[in-house]
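Residues in the sequence shown are numbered consecutively from 1, following UniProt numbering.
Derived by calculation from the structure, the hints in this document are not laboratory data.
This one's a predicted model, so the numbers in the text were calculated from it and none came from an experiment.
Cβ coordinates follow ideal geometry from the N, Cα and C atoms, glycine included.
Treat the hints loosely; a few may be bogus.
Quick list of in silico lysine-lysine cross-link-like pairs, DSS-like style, CA-CA up to 27 Å [as the list claims (entries may be wrong)]:
no. : residue 1 : residue 2
1   : K209      : K177
2   : K276      : K128
3   : K79       : K183
4   : K183      : K209
5   : K177      : K202
6   : K209      : K128
7   : K202      : K148
8   : K79       : K177
9   : K128      : K79
10  : K183      : K128
11  : K148      : K177
12  : K96       : K148
13  : K177      : K128
14  : K276      : K209
15  : K202      : K96
16  : K96       : K79
17  : K183      : K202
18  : K96       : K128
Label pairs and their in silico Cβ distance ranges [to be verified]:
no. : residue 1 : residue 2 : range
19  : S144      : P277      : 31 to 41 Å
20  : G189      : G223      : 28 to 38 Å
21  : P107      : Q141      : 16 to 26 Å
22  : G207      : E273      : 16 to 26 Å
23  : G221      : S144      : 28 to 38 Å
24  : M205      : T142      : 35 to 45 Å
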Amino acid sequence: GGCRVLGQAWGGWRRGLGIRATPTAAGFGTKARHQLQRRGASKPSDPPGDQCFPGLLRPGTFSREELVDVLRAAVVDRKGPLVTLNKPQGLPVTGKPGELTLLSVLPELSQSLGLGEQELQVVRASGKEASGLVLLSSCPQTASRLQKFFAHSQRARRPTATYCAVTDGIPVTSEGKIQAALKLEHIDGVNLVVPVQSPSRKDIMEGVKRTLSHFRVVATGSGCALVQLQPLTVFPNQLQAHMALQLCPVLGDHTYSARVGTVLGQRFLLPVESTKPQRQEMATHSIVLAWRTPGTGEPGGLQSMGSHRVGRD
């Protein structure tokens, strides 16, 4: 199914919706990460608070050849015409002519993988701000059938992707659905997603969309939660906006976390008009993530992210 194809993602401690593949399947977490570090993706000379994390890619620092090397090392599975790779965070799938994107280097990547005349095309991928598994196909017919499957699943409100994020705060319920009408507004030169209360038919005609996501709390600790998220609709920044509405913004979300205020330990939503995107600030937390080996249920490992003050890291 689509969820297995796109995999799950760990994240939230990085900037934006920090999403990446599970450690047991993360090709980008090993060889490709080392390539990023060797090529200067993380520079000690970066200003404090603006240092690049291992795995956070800055396309402007790469040549086309270097990016192809990183993506080739990030391939985690090949079956027939299908190629799955773990896209690094910060790499856009599409862009303006001349920009370095995943789509722009697919011809070179196809040659590098020995596909010859069979050029890869994108079947399914996450956005620039997220890392995670990308599904590619060298067969146009296979790509078309899979794209129709994903489109049909979305119309039927069946999840086609599963994400995980660490949140600042713990949802009140351990599982449920988040429903909200959202629209894009241009505020102070930035396109932001804002909620709309009780949208009218006119609102729907003018771009307001009713959105829906399913969430499940996987683990909690130190005032944070590891939350599994399945968007059942498609809208820009839907997951970030939904978790902010739950008063549990994604850790590292510097755009929508400012909408959640706290007075005497109680959280509440601030009016959109009075809040602007700003660097997320919170108390220092020591975050420890544990995961189980897929298919066995046995503990697969333990990873401590150490102590981080999100406003700086």
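Do the hints match the structure? See the list:
Distance hint between K209 and K177 is fulfilled; the C-alpha atoms sit about 16 Å from each other, no more than 27 Å. Annotation: proposed proximity of K276 to K128 holds, straight-line Cα distance about 22 Å (limit 27 Å). For the given pair, K79 sits about 39 Å from K183 by alpha-carbon distance, which is inconsistent with the 27 Å threshold. A C-alpha spacing of about 6 Å is found between K183 and K209, which places the hinted pair at or below 27 Å, so the restraint holds.
Taking the CA atoms of K177 and K202, the gap is near 25 Å; set against the 27 Å cutoff, the hint holds. The suggested pairing of K209 with K128 holds, with an alpha-carbon distance near 22 Å, which does not exceed 27 Å. For the suggested pair K202 and K148, the alpha carbons sit about 30 Å apart, so the restraint of at most 27 Å is broken. This hinted pair does not check out: K79 and K177 have alpha carbons roughly 34 Å apart, beyond 27 Å.
A C-alpha spacing of about 25 Å is found between K128 and K79, which places the hinted pair at or below 27 Å, so the restraint holds. At roughly 20 Å between alpha-carbon atoms, K183 and K128 fall within 27 Å of each other, so this suggested pair holds. This hinted pair checks out: K148 and K177 have alpha carbons roughly 25 Å apart, not beyond 27 Å. Using a Cα cut-off of 27 Å, the hinted pair K96 and K148 holds, with the two alpha carbons roughly 26 Å apart.
Of the supplied pair hints, the one linking K177 and K128 holds, its CA atoms being roughly 25 Å apart against a limit of 27 Å. Distance hint between K276 and K209 is fulfilled; the C-alpha atoms sit about 22 Å from each other, no more than 27 Å. Between the alpha carbons of K202 and K96 the distance comes to roughly 33 Å, so the proposed pair goes past 27 Å and is violated. A distance of roughly 31 Å separates the Cα atoms of K96 and K79; the hinted pair therefore is violated under the 27 Å criterion.
Pair hint K183 plus K202 holds up; C-alpha atoms about 13 Å apart against a cutoff of 27 Å. The straight-line distance between the Cα atoms of K96 and K128 is roughly 14 Å, inside the 27 Å bound, and the hint therefore holds. Checked against the given bound of 31 to 41 Å, the beta carbons of S144 and P277, roughly 38 Å apart, stay inside it. Hint check: G189 to G223, Cβ distance near 33 Å, so the stated range 28 to 38 Å holds.
Taking 16 to 26 Å as the suggested C-beta distance range, the pair P107 and Q141 conforms, at roughly 20 Å. The hint said 16 to 26 Å for the Cβ distance between G207 and E273, and at roughly 18 Å that hint holds. Checked against the hint of 28 to 38 Å, the C-beta distance between G221 and S144 comes to roughly 44 Å, which is inconsistent with it. Checked against the hint of 35 to 45 Å, the C-beta distance between M205 and T142 comes to roughly 37 Å, which is consistent with it.
This entry does not satisfy hints 3, 7, 8, 15, 16, 23, going by the numbered hints stated previously.
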